[in-house]
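Asks: Chains as they are written, first to last, in this note's numbering: chain A, 1047 to 1263; chain B, 919 to 1327.
FYI, nobody ran anything at the bench for these hints, they're computed from the structure. From a predicted model like this one, the values you see are computed outputs, not experimental measurements. Take these hints with a grain of salt, some might be off.
[Claimed, not checked] FRET-style restraints, in silico, Cβ to Cβ: (1) A:Gly-1172 with B:Val-1240: 25 to 31 Å; (2) B:Pro-1216 with A:Gly-1172: 47 to 53 Å; (3) A:Val-1250 with B:Val-1307: 34 to 40 Å; (4) B:Arg-921 with A:Gly-1060: 38 to 44 Å; (5) B:Pro-1239 with A:Val-1165: 24 to 30 Å; (6) B:Phe-928 with A:Ser-1114: 32 to 38 Å; (7) B:Ala-1241 with A:Ser-1074: 45 to 51 Å; (8) A:Ala-1210 with B:Pro-940: 44 to 50 Å; (9) B:Leu-1308 with A:Ser-1074: 47 to 53 Å; (10) B:Pro-1239 with A:Gly-1172: 33 to 39 Å.
By construction, the Cβ of each residue, glycine as well, lies at the ideal position given by its N, Cα and C atoms.
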Amino acid sequence: MPELFVKDLRRSFGKKRVLDGVTFGARSGECVGILGGNGSGKSTLLSILAGILPAERGSFSLTENERSILPGYIPQGTPLIEELSAQDNLRLWYDRKSLKNELEGGVLSLLGIPEFLNVPVRKMSGGMKKRLSIGCAVASHPRALYMDEPTSALDLSCKERIYAYMDSFLDDGGLILLVTHDIREIERCSRCLLLSGGRLMPYVYDGDTKKLAGLLE
Amino acid sequence: MIRAYLNAQFKRTAKLSAVVLPVSLLLFLCLGLVAALFLTRGPFSENRSRYGIAVVGNIGDSYLGFGIKAVQSLDDSRFVVDFDTMPMDEAEKALRRGEVAAIFVIPDDFLDSVLYGRNDAKITYITGDSQKTIGTLLIDQFARLASELIISSQAAVYGMQDLLISHHTDGTAFREISDKMYLELAGLVMTRTALTEVEELGFSDGEDQVSWYFHTILLFFCFLFGMSSAGVFLLRNPSLPRWMRMRGLSAAAQVLCEYLVYLLLTLLCTMIPLWVLIRILENLKLGIVFPAFYELFPALLPVLLLTSALQFFLYESVKSPVAVFLLQFFLAAGMGYLSGYFYPPGFFPATLRFIGQLLPTGVALSYLRGVVEDLPPAGAAVGIIVYAVLSIILSVHIRRRTIAMGGAL
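So here's chain B without its partners, still in its complex pose (with noise of 0.2 Å):
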């Protein structure tokens, strides 16, 4: 009975695969394009993570204009920002509609305080306390260096120029040292970027953004496959599991007959729309090295089994199409979320992000990039064999209770 059960189910399975693989395809394609062109051309690409920079007030200034010159053109880091003359109140504007990340406030006196070595008149740094993020502390640290770089180096050149006067240096000496002062001050502020250096352990736990990125982008689809199957489970009839069960299937040898099925479909429409995608992407020439398909595929093996597992035991037990759409959607995403798949774990609270590890999706996450980045996966195939006997049990509970009390008699 199992024998023929299973091959009934393979042959609808089977049937079901073409609008299914068809449509995971479509939908992988496009997710995939989208996340590149995310990764190479939006935020995170190279351009686009120079933060702005409001100037306002007098830079007409030789001194100023120069330092501020010094500044944009000659940080190569990737922290570079743009500094932009406006008046104040568009300045605030800008800031507000996020076009800037700060505002510098020059006051008018600030040079004259500058050269007499008062200090006392400061440039104001404003910022949204919204953007109070490591670009915001990046930004406040850095005028801070490049502020007291320049002022201090500027009140010492002048209290060396009062020096020289007060005691009657004669004007060719005096010209021959200030001249000799002014170099070593340029020389200092055009070899500003040695003073500090910028050391890169990765985006999150010593994996660049892109890997990240591509990694927890192809789980999300795989946690979200069900949706592009879902006829599988929706177009399923209702009264078969009592029938079979008449006929001696017991609820968990329908379950694993159905799962295992689901399973071979989940591998199908993931691997091949994977591997299409990866061929697409290398084509594209977007300059991101993509993990090879051989890599990958014995990595996701584990983590489809996990999915295809909770999908399994979700449309189970929901059975509405619309109620099950949207709990799958936001279980993904509100999963994915705390396990870091839209930003960095290192964004989220150590409680936080204890649970997200422990999570499905954290599990599967830890196991992939484990087995990609050969780290020890051991605790994270573990808590994948959990999650799906898990499910799997809890599945055959359902068929059970729905054997025994509804579904259409």
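Chain A on its own, in the form it takes in the complex (with noise of 0.2 Å):
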């Protein structure tokens, strides 16, 4: 079962300190929510801990069975190269036997893949765009997920398609960490945590849109 530890994390830019003794935990069957204001380092702490970015102090790790093991990192941005299909696209992730296997009946078929293969990215909708950029970073098969508002400006029908992969990815232990402003997704979490000022604090969500808000300013 995956578990997650980070002791202290620290990192800036420039002056500005954006992550200041950042401690927290996350295990199997957990989707941890983390929310915070524009700007606040939500995307920066999950950069360092996908291993993008280094820390300036702090230690972190992701096991499973007492094995390190690398997460699957969904950014805000997609993966994909425009001018080439999503097969094209796949392609880079999987190999040829894998794909196959996916499309037929894995992950890339519950996403919904397979109904827009050969379409060049750049003729796909949002929300194709991003069901595919999921489906590349999860082609390693991770047991934790690190998502960067996965579901930003997408219909209900693609939401329900991501939601519906997050569910089964959760049911079979994974671990995720989901970044989001979205309401729906903060109710979905097993539990928050909120980024202000640099640092790390347990938050627990009580349907008070206002309250959250005044505290993401």
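Both chains are given apart, each in its own frame, so use the hints to dock them into the complex.
Replies: Given below as structure tokens:
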């Protein structure tokens, strides 16, 4: 079962300290929501945990059965090459055999990707691109997913497909860190953490959106 | 992973080349045809290299008229002058407009001064400050030579006439001696061209001007090529490098894969238009001998290695389309200017000439000419490798920074 431990992370950009002593943990089956205002450091935190950005101080580990594992990271941008089709893009992430398997009944099928497999990315809708991006990010069958606003600007149908995939991922014992501003997603989280002034603190959403908005300012 | 990424980049670039190739072909043809017209009908053609001289003053006299006609009609060297008589104010306007290179002002008593051997009336030669170039110097030299030759000879003829008169030479003998001297003078003037010889060492460093400009215009296009293939860079997904890094593909591997594919696109989109251009120019029969394609191809390969590496670095560093277009144009034009792409480097001071040779444009020109002219291009080849490798290393460094610090997350 995957387990994440984060201890005393610190990161600055110039003179601005974005993360200052961030400490928390997460375990299998949990969807941990990370909330915060714009520029509060949510994406920076995920980038550090995904191994893209170095931390100035602190440590973190993602393990399963005491062995270190790599997460799947879904940033706000997409990894897609606009000139190529969905299939050509997926070939960057899957070998031929696993691509076939995933399209026929695996995660790519669950995300509805076979519907637009031969469509060039530049002709895809935002929802198709986001689903394809998730399909790329989970190619290595990660046991932990770090998702940065995965459903922003998508229609309800696309969101439902992505939520269905997230539920299935959690049911299989996965772990999700979810950066979001969406109340519906906050409600889906097992628990939430609020990032403010570089520090992370537990937050329980009680249905008061105005209060939450005040905290995010 | 490298193979998959390379494969994806190949496919992407192949799709983009459907746009890049026709645009390059069009640009190449426009540039080539303009250059060909410039070289065959522009200021470098034979007829346009004549220097116009405005003559002000009395040239109705038969001696003076004869001298000027002789100069105008007999000089068959490339630095022929065209004399055009006009009033002073018109001549000044023509000089300011650049229609003439100089004005010869012949004073009214010039002929008397010559006839009586005084030589105190001088032809004034007027030129603009901005025209003190090799052409001005040649005209100056030429005018001095012509006037000394004619005036001194005529002074000698009239001096001899005075001598004959003072010795009471009879009329018949006087006329015979005078006629003989005039014939000698005419013979001297007629054969004046034999007194000077113009030896052409070449336009610059032994190369004729058509060949020089063919090479420099070709190279200028190569340095500007990224502008027609800008879509390859500007349509890139800025998030992809970070995703690829997560997938385990290092910044260096990404840059090398992308550069390799871009290099192939550059080769394709330069060589095909070049081949077409040479075929068209040959068929136009412009009277210019262009280098054979099979000679240019191997010579251009290392040059394209350099230009594509520089362009890759430029587009990796600057993401704004307008900024990168302007930067590329001004860099290519500025470096090309210093390296003699638009003027022969002999016009520049030694320090600038040295800098121009060290710049990528100078190195590329030295290499191309070295191969085509069978000169040793080893130094330039080293320069090409250094610049190309340096560009790629810097691109990798910028890609690492992009992955670590910037770009859409």
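Asks: So, against the hints stated earlier in the document, which numbers end up violated here?
Replies: Violated hints (numbers, rising): 3, 10; every other hint is consistent with the structure.
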